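Undergrad: Sequence:
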Amino acid sequence: MVELHTADGTLIEAEACDVGFREVRIENGLLLLNGKPLLIRGVNRHEHHPLHGQVMDEQTMVQDILLMKQNNFNAVRCSHYPNHPLWYTLCDRYGLYVVDEANIETHGMVPMNRLTDDPRWLPAMSERVTRMVQRDRNHPSVIIWSLGNESGHGANHDALYRWIKSVDPSRPVQYEGGGADTTATDIICPMYARVDEDQPFPAVPKWSIKKWLSLPGETRPLILCEYAHAMGNSLGGFAKYWQAFRQYPRLQGGFVWDWVDQSLIKYDETATRGRLTAVIFGDTPNDRQFCMNGLVFADRTPHPALTEAKHQQQFFQFRLSGQTIEVTSEYLFRHSDNELLHWMVALDGKPLASGEVPLDVAPQGKQLIELPELPQPESAGQLWLTVRVVQPNATAWSEAGHISAWQQWRLTENLSVTLPRRVPRHPASDHQRNGFLHRAG
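One point on numbering: in UniProt numbering, the residue at position 312 of the sequence shown is 312, and numbering is uninterrupted.
Please note that the accuracy of each hint is not assured.
Unchecked claim - Pairs of lysine-lysine, BS3-like flavour, derived with a Cα cap of 25 Å: (1) Lys310 to Lys36; (2) Lys36 to Lys240; (3) Lys211 to Lys165; (4) Lys69 to Lys240; (5) Lys240 to Lys211; (6) Lys266 to Lys310; (7) Lys69 to Lys266; (8) Lys36 to Lys366; (9) Lys36 to Lys210; (10) Lys36 to Lys69; (11) Lys310 to Lys240; (12) Lys366 to Lys240; (13) Lys36 to Lys206; (14) Lys69 to Lys310; (15) Lys210 to Lys240; (16) Lys210 to Lys310.
Since the hints were derived computationally from the structure, they do not count as laboratory data. Nothing here was measured: the structure is a model prediction, and the numbers come from that model.
Let's have the full structure, built from the sequences with the hints guiding it.
TA: What follows is the structure, given as structure tokens:
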């Protein structure tokens, strides 16, 4: 709390902000929060409202945060500009890690660093970076500064990196431009790098995320600033990324592109009924639906891909061995004090047995749960064991009964099915037409 008083003690003005205490550092190739290695379950978010465009209100901001947390996101990248000041206060209160990004982008320039390597543009770039840091540095949710997006790599970036490190050595700085293989970033933060396959572009090679870690002299953590482009029926390869993140400690997650479709509600002729549509105003050229990349529609209705993101990012992992389920918590600081494990055995979707066990798992700990003798099916069919982690009590971001994690195992062997040999209904015949041989039978 800061108060301004007159000489006689009359209060003129007062300002207050929430504060928090945490330590962020990079050590031994790992991004650490309070000494623990973070696994970033992140998403890129544009400020967008289906009626008001880029003018946001508190209700929509809170709705975004609740949906993110309910779907196991723990971080957000403010792409590609500092957000409304209220957004950071809400992230502080609800608990989301923030990458705060300067509004610098030279996308389309040839070469891309044409401006960022030009000293005449340093003042304009400096204004954007300095005002971001000076405005937002008291927010504990901000754990990383970003120098901008898709601007190549120039001397201006190096100067701004040094300035941030001099005024705020408590936070890492990231920047993707130049392939993230520059001195202007503490984190390797490529976009759309693949898990195993290199993309050896001539100007800026994009290595696989596994290969990047093994490059000579490379000791930084890798966090994808953009990946898993969520346009259309997407996230088909999401599980492969998360297998790699959990296998290699220096692969510390990433930020899905992106959170919300940038579409607007278009009303019909009667102005009584609207539908979400891509922002097309008859201008040419136009990127058509390329603003529709979100995990949620503009009205925040989830896309199907959001369920896949939630599952792969879940904070509880499961392993079945006989009658024993091993539950592993990926929470760094939180004990499982509001979780029940529900289990159910079903034959072709019809429940045969079920139960629940309270979870008592320490941060990064394990719990072994012994199931009773599972029922044997009396008829042929598919027998499945499904487990769900349920929160019995409401939290600041979820209602009572929220399901935060789940897993499923098939308990019966695959059926061996042989199709009967098909007997042709008509005898085989050949005929030629226009130089082609047609054979039937």
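Undergrad: Now, for every hint given, state plainly whether the structure supports it.
TA: These are the hints, each one checked on the structure:
1. Lys310 to Lys36: At roughly 22 Å apart (the allowed maximum being 25 Å), Lys36 and Lys310 satisfy the hint.
2. Lys36 to Lys240: Given pair Lys36, Lys240 holds - Cα atoms ~24 Å apart, limit 25 Å.
3. Lys211 to Lys165: violated, 28 Å
4. Lys69 to Lys240: Answer holds: Lys69 to Lys240 is near 22 Å, not above 25 Å.
5. Lys240 to Lys211: Status holds; Cα separation ~15 Å.
6. Lys266 to Lys310: violated, 30 Å
7. Lys69 to Lys266: violated, 30 Å
8. Lys36 to Lys366: The given pair, whose Cα atoms are some 17 Å apart, holds under the 25 Å limit.
9. Lys36 to Lys210: At roughly 22 Å apart (the allowed maximum being 25 Å), Lys210 and Lys36 satisfy the hint.
10. Lys36 to Lys69: holds, 20 Å
11. Lys310 to Lys240: holds, 14 Å
12. Lys366 to Lys240: holds, 24 Å
13. Lys36 to Lys206: Roughly 29 Å between the alpha carbons, so the hint for Lys36 and Lys206 is violated.
14. Lys69 to Lys310: The given pair, whose Cα atoms are some 9 Å apart, holds under the 25 Å limit.
15. Lys210 to Lys240: holds, 12 Å
16. Lys210 to Lys310: holds, 23 Å
In this structure, the earlier hints numbered 3, 6, 7, 13 are contradicted, and the remaining ones agree with it.
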